Each structure stands twice: as C-alpha cells, then as structure tokens.
Amino acid sequence: MTSLAATCSYKPRRLVLTRVLLLALLCGLVPAPGQAAPTLHSRATLDSPRPEPDGAELRWLWERRQLRLGVIERDNPPFDILGTGQVFEGLTADYAGLIADQLHLQVEVHAYASFAEAVAALRKGAIDLLGSVSAQQALEAGLHLSRAYAEDRPLLITQEEGGTRIGRGDEFRLAMVEGYRSPEQLREQFPLARLQLHPSRFSALAAVSLGHADVFLGNALGSRYVLGRSQLAAVEEIDAALPSQGIGFAMLEDGGPLPRLVNAALASLSERQKARIGERWSPLAGTGHKPEPMQFSAAEQRWLRNNPTVTVLVDEQLLPLSFRDGKGQLRGLSLDILQLIARRTGLQFEVRAGGSVERMIAQLHQGKAQVIAGLPHSPLREQQLVFSRAYLSASRVLVSRDEAQAPTSLEQLQGRTLALVNGSALAELVRQRYPQIRQLPVAGPVAALKAVARGEAAATVLSLDAARPLIARWYPGRLQVSASLALPPAHFALASNRGATELQSILNKALLSLTPRETDVLMRRWRNPLIVADGDWQRYRQRILLGFAVVLALLLLASLWIRYLRRLQVELRRTKAEADAANQAKTQFLTTMSHEIRTPLHAVLGMLELAQRKAEQGVLDRLAIEVAADAAGGLLELIGDVLDITRIEAGQLQLAPQRVRLREQVARVVQLFEQQARSKGLALRLEAEGAVDAEVMLDPVRFKQVLANLLSNAIKFTPQGQVRVSLHAQAVGERLAVELQVEDTGIGIAEAELAGLGQPFRQASNQRQSPRCSTGLGLGISRSLCEMMGGRMALHSVLGQGTRVEILLDLARPPAGHQGQALPAAQVATAGVRLRVLVVDDYPPNRLLLAQQLEYLGHQARVAEDGAQALRLWLKEHIDVVISDCNMPRLNGHALARAIRLHERRNRRPACRLIGLTANALESERQRCLAVGMDDCLFKPLGLDELVRALALYQPETTSQDAMQLLDLRHLLRLVGSDQAAFKALLADLRSSNQQDLRRLEALVNDPPALAQLAHRIKGGARIARAESVIRACQQVELTCESRPLEASHLRRDVQALRVALQRLETQLAERVATDPPDSYHP
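Here the sequence shown stands for residues -36 to -1, 1 to 1047, where the numbers follow mature numbering (1 follows the signal peptide of the UniProt record, and there is no 0).
Keep in mind that the hints are not guaranteed to be accurate.
[Stated by the list, open to error] List time: in silico EDC-like cross-link candidates among lysine to aspartate or glutamate, alpha-carbon distance up to 20 angstroms:
1. LYS291 with GLU314
2. LYS668 with ASP657
3. LYS238 with ASP11
4. LYS332 with ASP366
5. LYS904 with GLU1002
6. LYS668 with GLU1002
7. LYS668 with GLU590
8. LYS668 with GLU698
9. LYS668 with GLU715
10. LYS644 with GLU715
11. LYS88 with GLU104
12. LYS668 with GLU910
The set of hints was computed from the structure by calculation and includes no laboratory data. It should be emphasised that the depicted structure is a prediction, and the values quoted were computed from it without experimental measurement.
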C-alpha cells in the first residue's frame, strides 16, 4: 500500500503504549513548515508482528517521534531512487518504511551530495541513520551497520563477445562507481587493471558499452537493474571472485537504543516479506501484478470529473521516449507510461507533437496543452514548471563528429563550441566548471546533432538513450558517441504549469502506483535498438523525398517548358496575324492614300495644264489657278493630317501651352470662316458667357486646329440654316472649366455610324457631298488633341436634323504676376524693310520659288545650291536673313548654321536671322534646328503669309528711313504703273481718307456696331497700301466689337491703338507728299 508518510496504524497491546504512540503519531503528522526534503515512498506493507520495546526504548521513541534518514542525492537504483528530488523510493525506502511502521515513527528524508557529507551529518546529529551502506563503507567510516537487508554480490560486466580476458594477470580498463570497493582490494585481485572511477552506475556502464572501458565492477542487483532500463549494448556477466558483503543502515556506535530497535525491526520481518521486496526490485522477476485502486482526494476527484481529457505535448524526434514510426504514428516510452496512467486514473490523453522544448513550454503557458511528456528536469525549467517523479533516468554522453580528433571529455572542449538544449541543467554547470567553453543554445536534441554535423559546434551533450537512436536515424557514419561523461544522469518526467496542483498530484500518484516490474517491462521493451531503429521509410525518407522533389521539379520544368513553347507558338501566331494585318493595313493605307492624293493632284495638274494652254493664247484663266490652288491646299491638309496621326500614334506630338485669352482664340477662328459661311448663305454665330476673357495656359495652334476642323465640317455638311459656336467658362479654384460647342443644322449622322467616326479614313455613308471632300482624318485628330489637353470630345447627331460637337476642357490658369510678351513695335515696322535674303536649297524649283516669293514681297534674294556656296556668299556680302534647306549634300543646313554662328562669335559680327526650311514637319526637327543656332524653322510647302511672319520678326541693327515706314510705297508705285503724278495723287487721296477715318473714329467711340463697320472699311484700304499696323489694329477692334459680352475697357484700349496707328500713318503720308521725290521709290 502506498504511503507518503510511511506510517501505519496498529492494534495496541498496552493501553499506556497505545496512548503514548497515538499522541506521538498525532504530533508527528504535523509537517514542519517550509520543509523541502524528499518524501519517502514505501511500497511494502507490514504483515509480521512488531517488536516490543522496553521502557527505555519507549521513552526514547516518545522523545524522538521521527526517524531522520540520510540518503545520497546520486541515484543508486534499485536501492536509492530520487529522480527529480521529490520522492525517495527504492529497496532501501521499502525497508525504512517497514522499520518506521514497526516503531510508530514518521520518516524524514534528508538528501546529501556525497557519502562523506552524509557521514558528517550523522556525526553532528542531523540524521539518525544512513541507508544503503555496505560493510566496507561502514568499517572505513567507523559506523555501526545494522543487520543486512540486502547482499552486495560483486559482478563483472563486459561487452558480449568482446574478447576481453579477465584474470589476475590480465591488463584491462576497469570502470567502477567511486567508493564501491577500496583500491587496495582491487589491486590485490587485479594488479594490472587501470581503474576508472565514475560518479554513477549509469556512466560507468555506459563507458563499457561505448568501449571506453573494458569491464564494469558493481553489485549484481544494481547492475542488472540499470542494464534492464537503459539503451546499453549487449553485455556479459562474469563472477568477480570478490567477497560479498551486506548492505544495511549505518548508525553511530553510541546511537543509544536506535541500533537495537532497527535490528529488532529488521529481524522481525518474515522471509516471505523480504522475498516480495526482492522480487519487486529484481529485473528478472515475473510480471504478474494486480494494481491497487487509486485513492484521490475530493479536489482531485472533482478535477477528474471536470477535465476528462488532457492534452499532452511530446517531442516527435526524442527517441525512445516519443517518435513517429513508419506509419506516422506517435510511439515511445512516454506514450506507454501515459497509457498506464490512463488505466489508473480514467483520464483520456490527447497526445500531439509540440515541436521544440521552448515551443512546448510556450503552448503550456498559453493554455493550449496541460502536460509535456518526456521533458528533462532542470533547475531552470523548475522555476516555471512543476515536474512529476522521473520515469526514466539516463547517463549523459558526449556526441561529436566521427573523426580521429573527436573530443572525449569536456576539458578538451576548452575554447570550442558546445551545443546545449535551451534550459538544460548542464548550462550553469558547464559555465562554472568550464568557462572557456562557448555554449550554443539549440531548440532540441535533433537541432543539437544538426549543429555538430554542420560544424557549428564541436560537440553536444545528450542522454545515451536519446543519442544512439537519433544518430542511427539521422547521422549514421557521421556522428558518434565519443565519451560517457561523469555527470549526473538526465531525469525525464511529466511537466505541467505551476498552478496545476491537482493535475500534478494525480500524475504523481499514478506514477508512484506503477510497480518497478511494470516500468521494467516498458524499459526492456524500448531498450532494444531494433525497436527504435528506422524502418525502410525512415531510413531512406530523405532520399525518397529528394527523389520525389527532383522528379517533381523536372515535371514542373517540363510543364513550364511546354507552356513556354505553347506560349511562343501562340505569340508567333499572334505576331504573324498582326504582321499580316499590319501588311494588309499598310497596303490598304497606301491604296487609300494613293487614291486620296491622286484626286486633288489630278485637279492640280489638269487645271495648271489648262491655264498654261490658255496663257499661250494670251488668256489669264484665274478660275483654273484658284481651283488648282484649292486642290493643292487640300492635298497639303491631307498630308498634314496624316503626319499628325503618325505623331499622335507614336506619342511624339507635344503641346506647347502659352498664356492666351480664350475668347480671342475662338473669335479669330470664327472670323476666318465668316466668308465661307456667307458664301453658302449660312449664319455663323459666336456666343460667349462666363469667364471667357480670363487668361489660360493653352496651345493656341492645336486648339485652333481642333476648332477649325469642327467649323469646317459643320459648314461643309450644312446646306442651309446656321452654325453656332457656344463658349462657356467657369473658374474653379486655380483652373478654368471650359465647355465649347459647335452646333449645325446640317444633314446629321446616323446613330449606327457615330461610334466608328474618328477612325482614319472613316466617313459617314450619308454624305451627299463629293466623297473626295473629306478624308475622315480630322475628327480623329481633334479627339486625340482634346484628350492630350486633358479634356474630352463628345459627338451628338440626329440624321437629317444636325450635329452637335461638345468639347470639355479643364485648363490651368497662368500664375499671378506672369505677363505675356508683347510684340515690339519695331516688328511691325519691319514689314516695309527691304531685306537681303540668302536662299539655300539644292533643288532648283524650290530655290526659284522661294526667290520669286521674296522678290514679290519686295526683298532682294540671293541663291546658293548648297551650304558651302552659301557660306562663301555670306562671308563676302552683307546678308540680313538666311533661309536654308536642312538636308543638302556637302554641307547641310545644320552645319551651315553652326559655321555662321561660330564666325559671328569670333569676329563679333552682328547676328543675322537664320531660318531652317524642311519637308520633315516634326517638332523634333524644329528643336534640332534651334539647337544648332537657327532662329526659326519653316516647313514645306511655304506660303507667302508664313514667309511674311517669319521675316517680320527680323530686327535690323540700324534704323533707316525705310524702317520707319508704315506702308509699302513701292507697292503703291507699282499699282499706278510708275506714273509719278498718279502716285502723288494716290498719296493725297490716302491722306484725305485717313483724316476722315480719324474724325469718324472719334465720333463712333460709343457705337460698337458702327465701329466694327468703320474698322472693316479702314482695313480694306490699309490692305491696298499694305499698312500692316493699321490692318492689325482694325482686326482687333472688329474682334472686340463682336465679342459677347462686350468689355468696354477692352474696346477703349483697341480704339486707342487704332487711333495711334492712323495718326502715325497720317504723319508718314504728310512727310512723303511734301518732301520725297517720286523717283526714289523705284524698285
């Protein structure tokens, strides 16, 4: 019967003795507060008569009441088993419990680190007796030894078939527990033996098993007990030929009545009871056992009812305690122990793999589990966990790489790295004894072996029971158990949280209820290396998995390669289809463009041929020339649209925002189409409201291109009615929201064709005009330009009723304080300046055309056929302007410009105006010209108006009388056929008309409609005299008068500008009539 106090009641024989002993028992049942000594656990039950002490002995028992038993902390199974230090059990504990039961005493256990300390405590009176002492030890210590309760029969143990000869004259290595037999006795029996002393029977037997010692000497009972519960290799037992000796309790010689009482109690035990105790702790005993029913407290029973299932965590790689077999099932000694506990308590254990020790402890604290099985005990872990009694103790060994220079002791690891499991009991010990050893904390035994195998550590310390199977499984031939260490054994137990009092008590009771024979059967089951060795799957798992991984990788690569090839095939087919489509599109484009170009070209060539034939007959066919000019203009517009489409699709079209007034830009475009609308009898109206006079950042060229395209289409496809342009602007913070609408009452477009409009060469099918009147490019360009300006264009149309195009823009307003650059007044004056212009072009027709244009404008032209010739002329003569083709042989236009600018800088010559001329109508070409020093770049074909604007920007360094002219006097002289009298009369008429216009201007300041008519009439006369400043002033007055709403301040400003221009014209006319001779104006 299990008894934690090792006391039992008995039937009193004498009333006085009964009362005395009951009182002593009641007093002795009260434990000393704060007592941390191990608790005696005796499995023996008294079944023999108790001795009857005399009066002196009774008085002595009354005074003592407790029996203080001294034991050694070092495990000495099966005599002394302390494990984790909570419970003292074993063969000595059973006899001590029987003695205490017979004497009605409570046993108090005191553990000491060594036999010497225990003897000193005995002499000081701290304890009453010392257990598991041999006759030799008692004799050497001068102690009294009780009757023997066990026999120490020496036994020699060596490896099976090791070939070691053991005789008096043989030389061998002998391992023995320190203090077991005297060295003198051993030298007498084995004079050539080399003695190795070990702290425990575990390490001594491990040394023999590992081949570090040849023979182990120890008592037969203890040696067989350890062999049956460890992973030691097969051994052979040999009679030691040494005398046997008894084992008993050691006491002081003058210990009073205690020696007599102990001897009397031992003598009263029956032989049957001694045999039961011997069988219980003998590894060769039978297994028949009927477990006694468990006794639980009320709190423990309540806990069992509330917690029928307990989650247990194990390390799935800690052989032989817990591991996964070939089927993936968890097995091992810990799971068998849990199964026995489950049978005792009725608990259901849910066992799960918990990973590393740190992870399992963390899960325990998080409440995900209640117990960790197979956790090695250590003082550090005991600070946060509670450990049960140990169910396995194993010697500690040193594991290193399998090499000749492998370390065989901790001393050889000085200055090297030792891998230790986190929380190991050895960490502090190694730190104190071997401070030069570098410690590498690892997560578990497998991680420790991996660190050694990789060279991260020189060695690691593990239990022998775990080291051998783990090496056989993971690192055969690479790692080895190199030494058995003289260290305390590792104790494996069940751990739980410190607050789980009831659970830990239940587990301890269940473990204590397991008989040594039950645990011995389990130990023998798992001590066989074949059981814990790997099956084929475990042995070749890495290779098999690696093979599968390689095959899977190859399959994946093959699949990816096949997908890649298929994708290439699909891409190839798509590319081929796109190339075919592009080729077809190119063919269609060339066909369409050829057709589109041939049509106007036919008109140009035909009309020019007709005009040429009539000119030979002396007839000027003005209509043919006008038709040819219109057809050529349409052809140029077509080519420009194609270039715009190309630049938009290539992303090369860039906007150049400028500071402009929105109303002015719209009004100028509307004014350009007034004549076209009047010729068709259409009303063209401009309506403006909101902040339309605000300045915005806008590309005026592209904006007017969009609006001009829309107005052109609206007028073209409107046979009657009106075309209305509506402009609305609203300020939104720093931006301006603009809505521009162009609405007509024309033929409209079918709803089904609206979506397709805007694509190149796509037109509505219901056009009643000539199919050659439009290419379908303008609308797509306009839409793209709107999107580039950050807006959008929407088209609404009803067949037969008209079309409305809506443009929405969100324009930025210029920063405050930024003012636009006004044209200098001198630029207007240069319209009458006769310039010397050098024309450079390698194509004779272009050279001749440009020279004729310049002569027509009143300038002097010099020509050169390449850049080299032009440079020579420029160096010899005074040239105001150079207009050069960009692409020429020998010296092109860019090189010519660089040469001229270089010569000007070196000779400090005034800069002339350099203008590039190219058929490559791209913005990049313009930037290239500006980069080499040119002032401007013009695109072919070049019209007179564009040429005039380019030359008007020239500002000569010297001011002459010609520069001050506001009108072209030579042109007037040509108009009258060089008749000097008529020329003078014409000047007088112009002066008279100018004076009348000034007077009418003053009278009509407050009448905008009349002002507009006056400005229009003045502009007509100014065009005859080519008075550019007056023409421009009149145009601005007309725009202001027609704008809605009318800004009075703008009107006053523009009227004042027109007044100044007329006054300057009056001054010049008066001077010319009075002083200049007519012949000075001959060209």
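Exercise. Taking only the CA atoms, is the gap from LYS668 to ASP657 under or equal to 20 angstroms?
Worked result: holds (16 angstroms)
Problem set entry | Pairwise hint evaluation, GLU1002 against LYS668, where the allowed Cα distance is 20 angstroms at most | Status holds; Cα separation ~19 angstroms.
Exercise. Has the given pair, LYS668 with GLU590, been kept, meaning a C-alpha gap of at most 20 angstroms?
Worked result: violated (25 angstroms)
Exercise. Is LYS332 within 20 angstroms of ASP366, Cα to Cα?
Worked result: violated (40 angstroms)
For this session: Mind checking the alpha carbons of LYS668 and GLU910 for me, to see if they're no more than 20 angstroms apart?
Result: holds (16 angstroms)
Exercise. Is LYS668 close enough to GLU698, meaning Cα to Cα at most 20 angstroms?
Worked result: Status violated; Cα separation ~23 angstroms.
Exercise. Has the given pair, LYS668 with GLU715, been kept, meaning a C-alpha gap of at most 20 angstroms?
Worked result: Not satisfied, since the Cα-Cα distance of roughly 28 angstroms exceeds 20 angstroms.
Exercise. Can the restraint linking LYS904 and GLU1002 be considered satisfied, given a maximum Cα separation of 20 angstroms?
Worked result: Roughly 32 angstroms separates the two Cα atoms, so the pair is violated.
Problem set entry | Hinted pair LYS238 and ASP11, Cα distance within 20 angstroms | Holds, at about 11 angstroms.
Problem set entry | Hinted pair LYS291 and GLU314, Cα distance within 20 angstroms | holds (18 angstroms)
Exercise. Given the proposed pairing of LYS644 with GLU715, does the C-alpha separation stay at or below 20 angstroms?
Worked result: It is violated: about 27 angstroms lies between the C-alpha atoms, which goes past 20 angstroms.
For this session: With a cut-off of 20 angstroms on the C-alpha distance, tell me whether LYS88 and GLU104 pass.
Result: holds (18 angstroms)
Taken one by one, the earlier hints fail for this structure at numbers 4, 5, 7, 8, 9 and 10, listed in ascending order.
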